[in-house]
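Put the complex together from the two separate chains, hints included.
Residue numbers (my numbering), protein chains in the order written: chain S, 20 to 503; chain D, 6 to 353.
Hint data in this document are derived by calculation from the structure and do not stem from the laboratory. In this text, a Cβ means the ideal position worked out from N, Cα and C, and glycines have one as well. If a hint is listed, it holds; no wrong ones were tucked in.
Covered, in the sense of this in silico footprint (three residues per stretch, anywhere, with C-beta under 8 Å from a C-beta of chain D), are these stretches of chain S: (1) 41–53; (2) 437–444; (3) 484–493.
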Amino acid sequence: MEPLSWTGSFGSTLIPALVIAAAVFLAGVILQLIMGFFAPEVKLQANADGTLQSRGGLIGQLERLNGQIFSLIVLLLAAIIVVSWFMPYGKAGILGEIIKRFLPVWIALIVTFLLSITFKRKLGLYGKLFDSTIGMIGFALVMFWVFTSIFVGVFDMIATHDPLQQISGLKNKTPGISVPDGQDADFFPHYLLGGDNLARDIFSRMVHGSVIVMIIAPLATVFAFMVGITLGLPAGYYGGKLDTILSFLANLILAFPVILLFYLLVTPEIVETGLPNYMAAFLFIFPLIFFGVLINSRYKTQGSKNTLYLALILIPLAFIYLSAISEPNSPLQIWPAALDLFSINSGILVVFVSVVFVNSPTVFRIVRGLALDIKTRDYVAAAQTRGEGTWYIMLWEILPNARGPLIVDFCLRIGYTTILLGTLGFFGLGLPPESPDWGSTINEGRKLLLIYAHPALPPAMALLSLVLGLNLLADGLREESLKD
Amino acid sequence: MGLFILRRLGVMLLTALCLTFIVFWLTNLYPKLEVLAKTQGNFRMSDEAVVSYLDNRGYTQSLPTKYGQWLGVVPGYVIDGSDGETRAKCAGNVAPTEDTPRFCGIIQGNWGFSTVAKDDVANVLPVRLGNTGKLMFWVMAVMVPGALIIGVLAGMREGSRTDRSLSTVSIVATATPEYVSGVILIAVFATPLFGMQYFKGTATSAMDDITFNNFFLPVITIALYGMGYIARMTRASMTEVMTAQYVRTARLKGVSFPNIVMKHALRNALIAPFTVIMLQVPWLLNGVVIVETLFNYKGFGWELVRAASNNDIEMLLGVSVISVIVVLTTQLISDIGYVFLNPRIRIS
Numbered sequence: 020m021e022p023l024s025w026t027g028s029f030g031s032t033l034i035p036a037l038v039i040a041a042a043v044f045l046a047g048v049i050l051q052l053i054m055g056f057f058a059p060e061v062k063l064q065a066n067a068d069g070t071l072q073s074r075g076g077l078i079g080q081l082e083r084l085n086g087q088i089f090s091l092i093v094l095l096l097a098a099i100i101v102v103s104w105f106m107p108y109g110k111a112g113i114l115g116e117i118i119k120r121f122l123p124v125w126i127a128l129i130v131t132f133l134l135s136i137t138f139k140r141k142l143g144l145y146g147k148l149f150d151s152t153i154g155m156i157g158f159a160l161v162m163f164w165v166f167t168s169i170f171v172g173v174f175d176m177i178a179t180h181d182p183l184q185q186i187s188g189l190k191n192k193t194p195g196i197s198v199p200d201g202q203d204a205d206f207f208p209h210y211l212l213g214g215d216n217l218a219r220d221i222f223s224r225m226v227h228g229s230v231i232v233m234i235i236a237p238l239a240t241v242f243a244f245m246v247g248i249t250l251g252l253p254a255g256y257y258g259g260k261l262d263t264i265l266s267f268l269a270n271l272i273l274a275f276p277v278i279l280l281f282y283l284l285v286t287p288e289i290v291e292t293g294l295p296n297y298m299a300a301f302l303f304i305f306p307l308i309f310f311g312v313l314i315n316s317r318y319k320t321q322g323s324k325n326t327l328y329l330a331l332i333l334i335p336l337a338f339i340y341l342s343a344i345s346e347p348n349s350p351l352q353i354w355p356a357a358l359d360l361f362s363i364n365s366g367i368l369v370v371f372v373s374v375v376f377v378n379s380p381t382v383f384r385i386v387r388g389l390a391l392d393i394k395t396r397d398y399v400a401a402a403q404t405r406g407e408g409t410w411y412i413m414l415w416e417i418l419p420n421a422r423g424p425l426i427v428d429f430c431l432r433i434g435y436t437t438i439l440l441g442t443l444g445f446f447g448l449g450l451p452p453e454s455p456d457w458g459s460t461i462n463e464g465r466k467l468l469l470i471y472a473h474p475a476l477p478p479a480m481a482l483l484s485l486v487l488g489l490n491l492l493a494d495g496l497r498e499e500s501l502k503d
Numbered sequence: 006m007g008l009f010i011l012r013r014l015g016v017m018l019l020t021a022l023c024l025t026f027i028v029f030w031l032t033n034l035y036p037k038l039e040v041l042a043k044t045q046g047n048f049r050m051s052d053e054a055v056v057s058y059l060d061n062r063g064y065t066q067s068l069p070t071k072y073g074q075w076l077g078v079v080p081g082y083v084i085d086g087s088d089g090e091t092r093a094k095c096a097g098n099v100a101p102t103e104d105t106p107r108f109c110g111i112i113q114g115n116w117g118f119s120t121v122a123k124d125d126v127a128n129v130l131p132v133r134l135g136n137t138g139k140l141m142f143w144v145m146a147v148m149v150p151g152a153l154i155i156g157v158l159a160g161m162r163e164g165s166r167t168d169r170s171l172s173t174v175s176i177v178a179t180a181t182p183e184y185v186s187g188v189i190l191i192a193v194f195a196t197p198l199f200g201m202q203y204f205k206g207t208a209t210s211a212m213d214d215i216t217f218n219n220f221f222l223p224v225i226t227i228a229l230y231g232m233g234y235i236a237r238m239t240r241a242s243m244t245e246v247m248t249a250q251y252v253r254t255a256r257l258k259g260v261s262f263p264n265i266v267m268k269h270a271l272r273n274a275l276i277a278p279f280t281v282i283m284l285q286v287p288w289l290l291n292g293v294v295i296v297e298t299l300f301n302y303k304g305f306g307w308e309l310v311r312a313a314s315n316n317d318i319e320m321l322l323g324v325s326v327i328s329v330i331v332v333l334t335t336q337l338i339s340d341i342g343y344v345f346l347n348p349r350i351r352i353s
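Here chain D stands alone, though its shape is the one from the complex (with noise of 0.2 Å):
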């Protein structure tokens, strides 16, 4: 077991190196980073300004060195500008003083400087990641009971018409992308439009101080997508459990239909759910980067968009590094909770 997690973490280690280095190499391709200097400098720069802007800042040497400095594993440049200024990666752009350190990547900690929101990153994440964290809270609390109830329900008479019903709604609630649902809930529940405008259609002072009416929609909206996937795995596990030898040896000696869901099925039948919860939480990713934007709640997804449109390069790294650590964990927590939960399953 010991092995097969230290290999899970090589693994690991190895791909968010891989993606970093893909986001870095296109957010670092010319185009991008002339748009970058013409948006800090000034947007009536020549071409050649543009160049020796580049230059001074360090954004001209080779993709190696500059992912390297950025993971701190090469020591930061030192660039005696054009311009006569000398600046230095680690002093923050401005001359190296004595006790500069050599090194100041991400490994160091030094998550880099946010050009858009004129802050260092390690200051800007935490409070994003915070609010998506309320957000998800709720999420889960809302959408895993459901999920589960649906799906047991669905899955404990197979072909019945309580099946039949509750997997159609499963069914619609896994067609409905999160702008659909989203656009279809705030026209109905936050405008007069029908006459039951009962919920606030942004969720921005949610972040602040959370309220039913301000928050309900955001949850449902993620949730509800979630939920039909998550519930349609449970009702097919619930189904399989059902028709089990050990359920019919239960049957036959006379055990009533409630205990026999209750004792003998339920806790054989989440096991499979458990692994496609953590599964859909990357998936989940997407949902708050749409449901964020949509109703203009600051979290982490909010982020992404903002520094994804802007060309922010060390957020755009700082947020594909976050995101990149929640999929590849819950990837291994799945794996490993699967091997728990299950004893018929040893890694050799």
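Pulled out of the complex, with its shape left as it was, chain S reads as follows (with noise of 0.2 Å):
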């Protein structure tokens, strides 16, 4: 086989035309960048027919043209991914190839976007989302990373090799080198992003990389959200020593910096002594409490029913929690080996937990503010008066009006974790170095940077959209709950 060139047979047609498009686009954003600092001040007019118009003129102008020029780049690029489809195979390069891979994810992307706008203003603030540009592309960029971990570790479906596969001859290769004559015939014909310094195909560790980070990122904030808000009700509604003494803890921990925090932590002679099986048995507990006494607090008063939904949701949880914490070889070996549902590779759980432990601090203190400006409110006096349980108030009365910063905090918070395990990846802790976590790919390809890049950049690339994307889905969460 050949090996593959970029644009393949678009090199000539479409892509010269979107690179025209894309560049006359960007002279006509920092043009009116520049005349908007000149230009008369947005103005109002009202026309005969009743309608608004605003700011016409030369600006006006160049503001219609250049959201031509956006739907044109847009259509360009829907273009070039129908058209690389429709390709024999090899003819479309590297990106048509890669473009082809990921169709699985297209086609969810595009079925949540109809269905999502379809129905817009029956789906609450999730709806709304699809008011805003902004909101819309962060959507669209977390959601593809969410589809293709997914599909990649559901159904295995884009990656083109095993990413611990090495094929020899391969080793630092440029993108689109073709596998030598000679090996398995099943193989896919050629490494779309090159190969890394141990011959594997740096696509595939990629595409796989996700999988990893949309495990921990999101389960991670998760639990430091329960943490965080089961410790930080109380303390912003009762305040005082409690208040004082858990605000000092948390404080404490956000004074060490997060580096040498993981760097004592996530090492193999902590695993050995046995801390981090402690921290998770510390950790985990804290959904049992939270949900056990979200259902206590409300059903209290009626005990049959109190009894069932507790049974319904800690039993279950009960059961994870001891499959999580109880493995063998750890000094916590509490439950029976013929009852442990699953176990956790003791580098993962070391790193989990650190995660949650760094992060829960700071969403402590969010809650905590929160709590302590909710519990002025009539509806908290209210709730006091008709003889309300504290719990009852904390959980059913503070927190649902408090969900607005949380989710917006949430989404930002699991951006942050996806650039926390990227840092202890980054440095080599905790995941096995051949882990195809996107910091530990970093990692792998920075140490020869200078001489070959390209196996660094895709999953910086991959980790820097998806870190985006959240920034960018909680910006537009923010303004559209802002609005009402």
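Next comes the structure, spelled out in structure tokens:
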């Protein structure tokens, strides 16, 4: 097989058109920016037919023109995606082939967007997201990686090679290199983004990395929120000594430089002492406490219902909890092996625990601040007058009213957790060195960065796009939730 | 005010004690000491040899005793070792003489001995801190004015096209961690891959001689990440000020727009960013560690990584003492500065 070029047969038609359109668009945006400083302020002008018109003249025309060019760019991109799918293998170049590999993701994205935009008025805050361009772009980026991780992790679809498969002769080879003859015939014939310094396929490693990030980052954020909410609500609501002690502890953890903490906690010697298992036993108990108190505070006057709901939620949770913390060869083997549903790799456990540990104090501070603010509201006073229990007030009166800022922070925090995971990988801590997660692959790639730059770039761009998507999504959500 | 600062200093001291104790505890766990003994002695030591090695050098004393000795409130150990040698902490692990002091901890100014650098911590750290200081100076010089200009321009007219473009730029900057932007910048500007090999990909030579060529990439890598965040905070505070009543009054009086921004809004809008910049310093510390590792610049962050990966206990403690002091001092400065800059807030 011939090596692939970047653009294949698009090289003479669609790609130059796209580049020119993008350049014109960029120039237009910069021109607008400069003109914006000198142009008069936006004035609304009432027309005779009762409509309002904003800002005519040169800058208005430029704005309209730029909008059209932007639609043209989107159309061109769509055309490249569609056309490349109908081209025979190898004709569409590296870009075309990568687009083809992601086909299930495109379909899933289009279906999600069509459904969401059709029913957006019935979907609450989620539906309102589709009113803001920034929010939509962010959502698309995030869902792109969510779908990628599902299709890779569950259906094993997008990746071209096994992430650990080494093919001799492809070490550090540039993108588009073809697999040499004489290899297993089942192999995908090219390394789309080249080979890394152990001759593994970079593209496959990148998409496999998304699975690890997509499992750990949201889950760790959920746990951090459980800890932060369960401790932050009483600290803000009661105040006093409890607040002083908890705030001091939170500030203590926050005063630690994150990387120093990671270097101290995430080492094989610490895993040997069993400290991560104890920390897991402590941190993982918070979801149980949270849901237990949540249900009990609401239904405690209705005895049988209360018992039923508690049993329904707490028994499975307790099962998962005990399976998660009890590991063979660890000091906390308290649960019979026959009932142990799953066991977590000790490297992943220590990474997970330390990321939760670093994130929870910040969530605690946010929740505490919100609780301090909301507890002075009238509906809280009304609930107190009705004689509701304090936990009922905290969990069923204060928490639902704090949901807006918490949802926004949740998005931002998943992004931050992704960055932390990448930091751990970058210093080679925790996860095994052959793991395809983005941080570890960046770390692998940076060692030879000045000689071979291509292995480090795809995971870096992947991480950047995911975190950027989460930030844009949070920005869109914040904007839309403020409009109420 | 005096009482407020005094109370904050008390909390600071308590925090510093707690943090150093945690670091002390985590570095003195037995498996870590075992590794230390094997790297310092030899790798084929038997378990008994490890125990006697650690015994002879005072590592197996109880944790509070060791911590007290490091701090300088408990007399340093003098141990008659099983190998017949007498070692005293205050004499540098040789037999004590007449003028060996009893106490030798951090209070007495003795920072300990680095097992990796084979030198006193007090000799190594100032050099490293000097290097990092140079880096931080240039980062601040690029980051603060850049962030303030972007934030003020964006917040001047909320919702305008300028605002939206600049806000998007700052979101992109906050979403790019240093190890991503550093790798991308090196790949683009320091390798022949894109034909734009303008800068050097390492900053090793910058330790003796800083040039634009070798220092631009590390500085810009750290500055970008912090810039986005400060710019967003400046923008938020600027938009708030621009809707304030005194700005409206000025507009109604017919003051020109540049005058409103420069004379009425700017000074009030810069109070919030000041505290943000101060609180950003601890985050810069993270960036410094990553960038110094990536660009191989032997500063404070590079030393942290080296000490942590070799379990160099006393160096690590020194590093954490300094970083804790930096974090807590900047918090204190930001609190006090906020009070001084904003006459509406008084601490009773």
